[in-house]
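*Asks:* The listed protein sequences derive, respectively, from chains A and B.
Just so we're aligned, residue 1 is where the first sequence starts under the numbering used here, counting upward by one.
Just so we're aligned, residue 1 is where the second sequence starts under the numbering used here, counting upward by one.
Errors might be hidden in some of the hints.
[Unchecked claim] Residues on chain A that point at chain B, a partial pick, calculated with CB under 10 Å:
id, residue
1, 7
2, 8
3, 132
4, 136
5, 138
6, 154
7, 162
Since the hints were derived computationally from the structure, they do not count as laboratory data.
The C-beta atom is built at its ideal place from N, Cα and C for all residues, glycine as well.
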Amino acid sequence: MTVQYNSVGSGAGRENLIAGASDFIGSDAYLDEEERAAVVDTCGDGGAYHIPVYISPVAVPYNLPGVDGLQLKPDTLAQIMNQDITVWNDPAIAEDNPDAELPDTEITVVHRSDDSGTTENFMEYLSAAAPDSWPHEADAAWPVQGEAAAQNTGVIQVINDNEGTIGYADASVVTGQAAAVGVGDEFVDFSPEAAAKVVDASEPADTGVEGDMALELARDTTESGAYPIVLVSYHVACSAYDDAERANLVKDFLAYVVSEDGQATAAEAAGSAPISESTRERALELIDTIQGG
Amino acid sequence: MTATPTPARRQPSSAKPVRRPGDLFFSSASIGSATIILLTLAGVAVFLLIEALPALTAPADEVSGGAGFAGYVWPLVVGTVVASLVAMVLATPVAVGIALFVSHYAPRRLGQSIGFVIDLLAAVPSVVFGMWGMSVFAPRLVPLYEWLEQNLGFIPLFADASTSGRTLMTASIVLAVMILPIITAVSREVFLQTPSLHEEAALALGATKWEMIRTAVLPFGMPGVIGGTMLGLGRALGETMAVAIILSPGIFTWNLIGSGNNTIPAEIALNFPEAAGLRLSELIAAGLVLFVITLAVNLFARWIVDRRAEFSGAN
């Protein structure tokens, strides 16, 4: 058996699943209502299952020599990102960092120049956690004019090259300073465990499919030790396949991906957070209900 | 030299020229090649048209930016053309200077090695230019941009300096370096072709070296220089990776030294991986626009070269 990885974007992947060109896909977002209605044609009346397989924190890297362990409340972060706060010694930042000596350097916000699921997830977090300070609707493209760079690595490169910068990027590529984010009354640094925690605290999304594991991520969580800026990637597979052999192959592959071994391999290769034991149990149950023939 | 005996088979009386299998083979091979290239171009054009159609006919508010496809694409067109023109303006004088030095000033050995080094520049992958431009070159341009802003800030082109230097101006300068070898190579070759009779005649009439170059070499080489420049412009118009890495893209602005603007190839390369449906169609339609621009530039270049050829004395 060959599983071929076709590296297209999440949007194109979901199109492929609906068109029947791919047997299962990986996507940074679950199928929206329109897509869920369309996928019934290829996947049968049961629709498609979402299985969370890849959890990755989105970090807030910055470059400010002499200021380590920067802490930002959601509202402060949103105002910086929206360029309402433009200098590093702004009173709002000072209030979050009582012990830090903040310079009067101008803030340069670095965002992704390519359409990206990281951008979309980060904006979803800002909308949920700081609705008063973040007026923009979540989208794959960044809404505020500023410094932009291609891919996660490009963003990190620009931040490391230029003092006074701040941005957002997948945690796996962060090499320098990164801010701790306000959750409730404390500040939480990004880590795989803290990201997995927010996934466990999240409510299932209503996709109309029995047992589906699509998540309404609790980005405004106040749970202690949870890091709320996460990107969850799903494997989306049909609930039923025409061909029994095909169904078995998909089931075997997905079972490996969520297995301890598969998750450890992913964590090693991409720095993602392994899914929790309870998520794994539910995922295996769901995978087992995939029908063939 | 000994006289070659006339082949016995030759029949000089015959009105029809002799055709051997080789003639037939090579004429059909070259016709075939010409047809294939035309078919390929036509295929590309048809593909672009079909894939672009949804974006071209979509309601204005569904296209990115909400102002229809024309509203989406014109800032990209301006960005592409401005970046390429600036690159061309910067590169051409330097390239002609290098070509003249190599062909007429430098000692033979030195000229050859300089020509070799310049050719080597064309072999550097554009990603390397991009990385270098972004991490090494752009930060070093920041003081220049700040100076431009302070002293020439009243010109909209130099309104607001970027703090990282990742601007359309930086992209243009790197593009200029990238197209330098193309223009230099073509110019050098045509300058070397200048009939020595012309050069000697100019010198015999008392012309200095510079006057000889001005009156004999440059008029003879002008169509070639223009041709090389247009080849360079074509490369600059289509350059993708270097621009995508160096430029910090954003909304359209006349300001060349701040972040903002984008070019069509960079826009396509950046957004293609996540594009689906109408967005994909938009990007392909932008590619179609670039295709048309490149075609127009080449036709224009051909027209200039043909027109100049009549006066150059080259014929």
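*Asks:* Hints first: check each against the structure and report whether it holds.
*Replies:* Status of the hints after comparison with the structure:
This hint holds: residue 7 of chain A has a C-beta 8 Å from the nearest C-beta of chain B, less than the 10 Å allowed. Taking 10 Å as the C-beta cut-off, the interface hint given for residue 8 of chain A holds, the closest approach to chain B being about 7 Å. For residue 132 of chain A, the interface hint is violated, the least distance from its beta-carbon to any beta-carbon of chain B being 26 Å, above 10 Å. The closest approach between the C-beta of residue 136 of chain A and any C-beta of chain B is roughly 15 Å, which is over the 10 Å cut-off, so the hint fails.
The restraint placing residue 138 of chain A at the interface with chain B is violated, with a minimum CB-CB distance near 14 Å, outside the 10 Å limit. The interface hint given for residue 154 of chain A holds, since its Cβ lies 7 Å from the closest Cβ of chain B, which is under the 10 Å cut-off. Restraint check, residue 162 of chain A versus chain B: the minimum CB separation of about 5 Å is within 10 Å; hint holds.
The structure fails hints 3, 4, 5 (numbered hints given earlier, in ascending order).
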